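Asker: Chains as they are written, first to last, in the numbering used here: chain A, 1 to 472; chain B, 1 to 105.
Because the hints were derived from the structure by calculation, they are not lab data.
A quick note: this is a predicted structure, and the numbers were derived from the prediction, not measured.
Label pairs and their computed distance ranges (CB to CB): (1) A:69 / B:7: 31 to 41 Å; (2) A:11 / B:7: 13 to 23 Å; (3) A:274 / B:21: 16 to 26 Å; (4) A:154 / B:17: 30 to 40 Å; (5) B:58 / A:171: 32 to 42 Å; (6) A:60 / B:14: 30 to 40 Å; (7) B:58 / A:164: 39 to 49 Å; (8) B:58 / A:163: 38 to 48 Å; (9) B:56 / A:59: 14 to 24 Å; (10) A:384 / B:14: 30 to 40 Å; (11) B:7 / A:19: 13 to 23 Å.
Chain B stretches covered by chain A per the calculated footprint, using a threshold of three residues with CB under 8 Å from any CB of chain A: (12) 2-11; (13) 29-41; (14) 46-52; (15) 61-68; (16) 75-81.
Here a beta-carbon is modelled for each residue, glycine too, at the ideal position from N, C-alpha and C.
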Amino acid sequence: MITASFITDPNFRSVLYIVSFALFIYGLSGLTGPKTAVQGNRIAAVGMGFAVVATLLVPDVSNIVLIILGVAIGTAIGVPAARQVKMTQMPQMVALFNGVGGGAVALIAWVEFRESGGFADVPTYVAIFSCFAAIVGSVSFWGSNIAFGKLQELIDGGSKVIGSAQIQSFINMALGAIAVACGIAIVAGSHGEILILVLLVSAALLGVFLVLPIGGADMPVVISLLNAFTGLSAAATGVALDNTSLIVAGMIVGASGTLLTQQMATAMNRSITSVIAGGFGGTVEAAAGATSASGGTVRSTSAADVAIQMAYARLVVVVPGYGMAVSQAQHAVREMAKLLEAKGVEVKYAIHPVAGRMPGHMNVLLAEADVPYEQLKEMDDINGEFPRVDVSLVIGANDVTNPDARNKADSPIYGMPILNVDESASVIVLKRSMSSGYAGIDNPLFVNPKTSMLFGDAKQSVSDITEELKVL
Amino acid sequence: MLVTNLAILVLAGFVGYAVISKVPNTLHTPLMSGTNAIHGIVVLGGIVLLVNGLADGFLNKLLLVIAVAFGTINVVGGFLVTDRMLEMFKAKPKDLVEAEPEAKA
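Only chain B is shown next, with the shape it has when bound in the complex (with noise of 0.2 Å):
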C-alpha cells in the first residue's frame, strides 16, 4: 500500500510540472489560484475521519468541523474566485461593435 502510494506520488509530481510548463504570465494569477483550489481536496481527509467514526470525543469532533468548514472555504472560495477571474479573459462582442467605426476613420 505504502509503495503504491509512493509511486503515485511520484508520478503525480511529474504531471503537475508537466501540465503548468507551458503558461502564459497572463494567466499565473488564475492559475495559482485555481491550483490553490484543488488543495482544498484535503476536506476529504476531515470527512474520511468523520465519516467512518475515527473521531471520538468533543474536541477531536469539533476539530474535524473546523477542519471540513476551512477546506470547504478553501474549495468552494477557490474555484468561485477563479472563476470570476477567468470570466473577465472572455471576448465581449460589443468590444468588435466598438471597433469597426475606429477602424474606418
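For reference, chain A alone in the conformation it holds in the complex (with noise of 0.2 Å):
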C-alpha cells in the first residue's frame, strides 16, 4: 500500500514529469550536432516513455481498456508508415504526422468543451487556451492534410485561389474572424455547442485556404511553420490541462519551429508573411511570359558528350534538386562519382539550404546513397569555388540555379541567394523538359551559352552517363 500511494502521489509524477522534459531538451540539444543526433532523438522518445508512464499513474485509473485501443491503433498506423516511407516521400511524411498531432489537439479542446458544458464550471483562462488550442490545431491538421496532399502529387502542386488573390485572403480574414469571434462568444459565457463546431470548421477551411494557394519552393517553410503551430497548441493544451510536461515540450516545439522557420524563410529571401500571403501566385504568369518572349537557344547535349567532358576534368560539382529526389537517382550518383572519383576527378556536392522540398532534403537523400558527409558542401562554402570548377551538373534543380534572383529586379525569385553555378567553365543540366521550376518562372541559365542541356529522367541520364564513363 505504501508503494502504491507513493507512485500515484501527484508529487511523484510532476518529478517524473521534470525528468521528462530534462530529457526532451537534452535530446533536443543533440540533434543539432551531426555526431550525437541520433542518440538525441533516442533520448527524446525516452523522455516520452517517462511521460506517458507518469499520466497513467494516477489512484483509481479508468477506461484504460480505451487507452491502450487508442495507443494500439496509433501504434499499427505509425510504425508501418515509419518503416515503409521512402526516403524521398520524408517530407509528406513529417506533413502528416504533424496534422495527426494537430488534429489530437482540436479534438482534445472540443471534448474538453463538451464535458464542462461549454467551459462553464472552469476558469476563464482554461476557455481561452482551449480556444486558441482548438482554433490553431484544426488550423494544423487541415493544412498539413494539403501539404501532404500537394507533396504526394495527390493534389495539384501548382498555386490555387479562389477568385483572386485578393478574394483569397479576404475569404482567410473572414474565416479567422468567424473563429475567433466564435472564441471570444464561448470565453464570454455562450456554451452552445454549435459556436464550438463553427470555431473548428473555420478553422478547418482557414488551414484549407491558407496551405493550398502555395506552391512551390515554398512548401518546406508551410511545414516548418505548421510543426510550430502544433508545439504552440500543444502548449495551450498544457496550460488548459495542468500538465507541466505538455506546456514544456509543446513550448520548445512551438519556439524551435518558429526560429527554424524564420531560418528558411531568410535562407529564400522572403518573409513568413509573403510566403502566407499567396506564395509566387500573384507574378508567376508576367514573369513567365516576360522572359519567353526574350528567348533564347538552348543546346542539347548526349551522355557520352558529358562523360567526356567529366571525365578530363580536374573539379566537378554535384548540384542536386528536386528531380533528383523524385526520379530516385541518389544511388546512380554516387556510382557515378565513384568512378569519376577513381578517374581522379575531385567531386563535391552543392547543396542549396532549400534544394528539394525541406532543408536538409539533398543531405537525407545522399547520405542515404553513402555520399561522404565532407563532400556536401553548404551554400556559403561552395558558393567562392564556382570559378575554379570545371564542370557543374545540375540535377534536377532549378530555381536554386537561377541568375535571375541577382541579376533581374523584377523578378519573383530576386534577392534569393542561389548558387552561382553560372560562374563555373561549364554547366550541364539534366532535366526532363524545358518546363520552368516549381517557382514557375523560366531560367537563363539554360539558354547560357556555357549551358548544355541532357533532357530525360535524372536516373536514367545519370546511369547512361555511368555507363559511358565505364567505357571510356
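Need the complex rebuilt from these two chains, each delivered in its own frame; the hints are there to steer you.
Answerer: Here you go:
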C-alpha cells in the first residue's frame, strides 16, 4: 500500500514530468550536431516514455482499455508508415505526422468543451487556452493534410486561389475572424455546442485555404510553420489541463519551430508573411511571359559528351534538386561519382538550403546513397569555389541556380541567395523537359552559352553517363 | 497555478529558442522531424482525460480514443522516421576501406 500511494502521489508524477522534459531538452540539443543526433533523438523518445508512464500513475485508473486501444491503433498505423516510407517521401510523412498531432489537439479541446458544459464550470483562462488550441490545432491538421496531398501529388501542386489573391485573402481573414469570434463568445460565457463546431470548421477551412495557394519552393517553410503551430497548440492544451510536461514540450517545439521557419524563409530571402500571403502566385504569369518572349537558344547534349567532359575535369560539382529526389537518382549519382573519383576527378556536392522540398532533403538522400559527409558543401562554402569548377552538373535543380535571383530586379525570386553555377567553366543540366521550376519562372541559365542540357529522367541520364564513363 | 504555468511557458520558449539557434542545414530535416515527434506529447492530453475518468458518453470517449491514436501516430512515427533519417548520417567503415586505394592511385 505504501508503494502504491507513493507512485500515485502527484509530486512523484511531477518529478517524472521534470525528468521527461529534461530528457527532451537534452535530446533536442543533441539533435543539433551530426555526431550526437541519433542519440539525441533516442533520448527524447525515452523522455516521452517517462511522460506517458507518469500520466498513467493515478490512484483510480479509468478507461485503461480505451487508452490501450488508442495507443494500439496509433502504433499499428504509425510504425509501418514510418518504416516503409521512402526517403524521397519523407517531407510529406513529416507533414502527415504533424497534422495528426494538430488533430489530436483539436479533438481534445472539443471534448473538454463538451465535458465542462461549454467551459461553464472552469476558470476563464482554461476556456481561452482551449479555444486557442482548438483553432490552431484545426488549422494545423487541415493545413498539413493539404501539404501532404500536394507533395504526394494527390492535389495539383501549383498555386490555387478562389477568385484572385485579394478575394482569397479576404476569405481567409473572414474565416479567421469567424473562428476568433466564436472563441470570444465561448470565453464570454456562451455555451452552445454550435459555437465550438463553427470554430473548428472555420479554422479547418482556413487551414485548407492557407496552404492551397502556396505552390512551390515555399512548401518547406509551410511545413515548418505548421510544425511550430502544433507545438504552440500543444502548449496551450498543457496550460488548460495544468500539465507541465505538455507545456514545456509544446512550447519548446513552438519556439524552435518558429526559429527554424525564420531561418528557412531567410535562406530564400522571403518573409513568413509573404509566404503566407499566397506564394509566387500573383507574379508567375507576368514573369513567365516576359522571359519566354526574350527567347534564347538551348543546347542539348548526349550522355557520351557529358561523360567525356567530366572525365577530363579536375573538379566536378554536383548540384542536386527535387528532380533527383523524384527519380530516386541518388544511388546512380554516387556510382557515377565513384567512377569519376577513380579517374582522379574531385567531386563535391553543392547543397542549397532549400533544394528539394525541405531543408536538408538533399543531404538525407545523398547520405542514404553513402556519399561521404565531407563532400556535401553548404551554399556559403561552395559559392566562392565555382570560378575554379570545371563542370557543374545540375541534377533536377532549377530555381536555386537561377541567375535572375541576382540580376533581375523584377523577378519573383530576386534577392534569393543562389548557387552561382553560372560562374563555373561549363554547366550541364539534367532535366526532364524545358518546363519551368517549382516557382514557375524561366531560368536564363538554360540559354547561357556555357550550358548544355541533357533531357530525360535524371536516374536514366546519370546511369547512361555512368555507362559511358565505364568504357572511357 | 496559472501564473506558475505561464512562467514555465515563457521559460520553455526561450529554452527552445536557445537550443536550436546553431544547427547546420544538413540537420534541418531531422530536426524538424524530431521536434515534430516531441509535440506528439499531446497524446498525454487524451490520456489525462481518459485515465482520470473525466470523459463521459460514447461520443466523448470515441473522440478521445481517436485523439490518443492520432497522438501515438505522431510520437511513434515521428521518432522512428527521425531515427531512420539519422541512421544514414553515420559514417560507414567500408567507405574508409575504399578510400585508401583510391588515395594511393
